[in-house]
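Chemist: If you want the building blocks of each chain, they are given just below.
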Amino acid sequence: EVQLVESGGSLVQPGGSLKLSCVASGFTFSNYWMDWVRQTPGKSLEWIGEINTDGSKTNYAPSIKDRFTISRDNAKSTLYLQMSNVKSDDTAIYYCTRPRYRYNFFDYWGQGVMVTVSS
Amino acid sequence: DIQMTQSPSFLSASVGDRVTINCKASQNINKYLNWYQQKLGEAPKLLIYNTNNLQTGIPSRFSGSGSGTDYTLTISSLQPEDVATYFCLQHSSRPRTFGGGTKLELK
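Chains as they are written, first to last, in our numbering: chain A, 410 to 528; chain B, -7 to 99.
Possibly wrong hints are sitting among the right ones.
[Claimed, not checked] Quick look at which bits of chain A chain B covers, simulated, 3 or more residues with Cβ under 8 Å:
(1) 453 to 465
(2) 507 to 517
[Stated by the list, open to error] Residues from chain B that keep clear of chain A, each with C-beta distances beyond 10 Å, as calculated:
(3) S(-1)
(4) P0
(5) S4
(6) V11
(7) N14
(8) S18
(9) N44
(10) S55
(11) G58
(12) S59
[Unchecked claim] Some but not every residue of chain B turned toward chain A, in silico, with C-beta under 10 Å:
(13) N20
(14) Y24
(15) Q30
(16) A35
(17) K37
(18) Y41
(19) T77
(20) F79
(21) R86
(22) R88
(23) T89
(24) F90
(25) G91
(26) G92
Source of the hints: derived by calculation from the structure; they are not laboratory data.
Please read all numbers here as calculations on a predicted model, not as lab measurements.
C-beta: ideal position from N, C-alpha, C; glycine also.
Just chain B, same shape as in the assembly (with noise of 0.2 Å):
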């Protein structure tokens, strides 16, 4: 199984900060790499797809990049509404799997 290693686990920025989570994983995953974004009590919600595809209605300052094993989404200016933690998952190969997910919360 591939290994998904997010960091850091837990963030803290204030509003209008530039804000970047990273992703690694154990083997190339060739851009199969998507950002979930979780609100306190609500399902995953798709954020980015195939590294830097945005979901449609997600806004623009959301952002990703990477390829081989390294992966990065980034927050251009963050908002209050930001408020989450942000899962990466890999789509490469089966079992699909998840990153171990980033706490981000206003400073």
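Here chain A stands alone, though its shape is the one from the complex (with noise of 0.2 Å):
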């Protein structure tokens, strides 16, 4: 069965940092490229980027760019989000969500990280 859990979410203050975790299990997580997907609190969603299987490619939205760095460990078959500079805007629920082979969708989501940002 796959299962993606994420962890690291927290209250953290405009400017600050955090970094989340998201451990994948039940699929060969070496295998796929991952992506992370926010929902603010007014339920909408928003792809905010993607790593390739190795590491070496990662893209990013727009919003988050130059502030958030996507990364991962294959060994360990954990997915990460660092997030840097972070803004009221960046308050979400944070998803790992896994596509589908060789298609271009999200078909497996962790469960979700509550990132607040405020003072």
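Since each chain sits alone in its own frame, please combine them into the complex, following the hints.
Modeler: Have a look at this one:
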């Protein structure tokens, strides 16, 4: 069974940093690109970034580019989201997602982790 | 970026009703359109992919249709467990973008 378990969410002050983790199980992690998707308090969903299978290539949404960094450790089957210089607009539930093999859509989702940016 | 306009944003219906939710893309997305269901406190769950392909385990009362820029999710006979928010997703081109969601409640 595919499982994605995020951790690391918390309250962080504007301008601060936070690192989210997502531990994957039930599939060969190193075979899949992985994505982060977030959901704002107003319930809008936004794709924020992706990483290729060996971690050598990443793509980001403009809203978080140059502030957030996605990385992975295939030996640990773990995906990361390093958040820096956070803003109030970054307040959201962050989901780790896995695409369907050879497709571009989000097939499996983690349970999500809440990040609140507030002073 | 492709904009996805979903309607209605809120829908109230009775058990047994036929329910339709629409998504309109800002350009042709060639049927690369998915529907997700999100119940309160849970992550989104895939219902339908590529316009009309039912995900394994999803009841047959859910169906999808459409082409070009216009797509529809239909629930043929609403059940109490269908209360949720529904989102469309286009995966025709990057960045993949979502509709704003439709909150479905029981009348």
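Chemist: None of the hints should be skipped; say for each whether it holds.
Modeler: Hints versus structure:
no.	hint	in the structure
1	453 to 465	holds (count 4)
2	507 to 517	holds (count 6)
3	S(-1)	holds, 15 Å
4	P0	holds, 14 Å
5	S4	holds, 17 Å
6	V11	holds, 19 Å
7	N14	holds, 17 Å
8	S18	holds, 16 Å
9	N44	holds, 14 Å
10	S55	holds, 18 Å
11	G58	holds, 16 Å
12	S59	holds, 18 Å
13	N20	violated, 16 Å
14	Y24	holds, 7 Å
15	Q30	holds, 8 Å
16	A35	holds, 4 Å
17	K37	holds, 8 Å
18	Y41	holds, 6 Å
19	T77	holds, 7 Å
20	F79	holds, 6 Å
21	R86	holds, 7 Å
22	R88	holds, 5 Å
23	T89	holds, 7 Å
24	F90	holds, 4 Å
25	G91	holds, 9 Å
26	G92	holds, 6 Å
Hint 13 from the list above is the single one not met by this structure.
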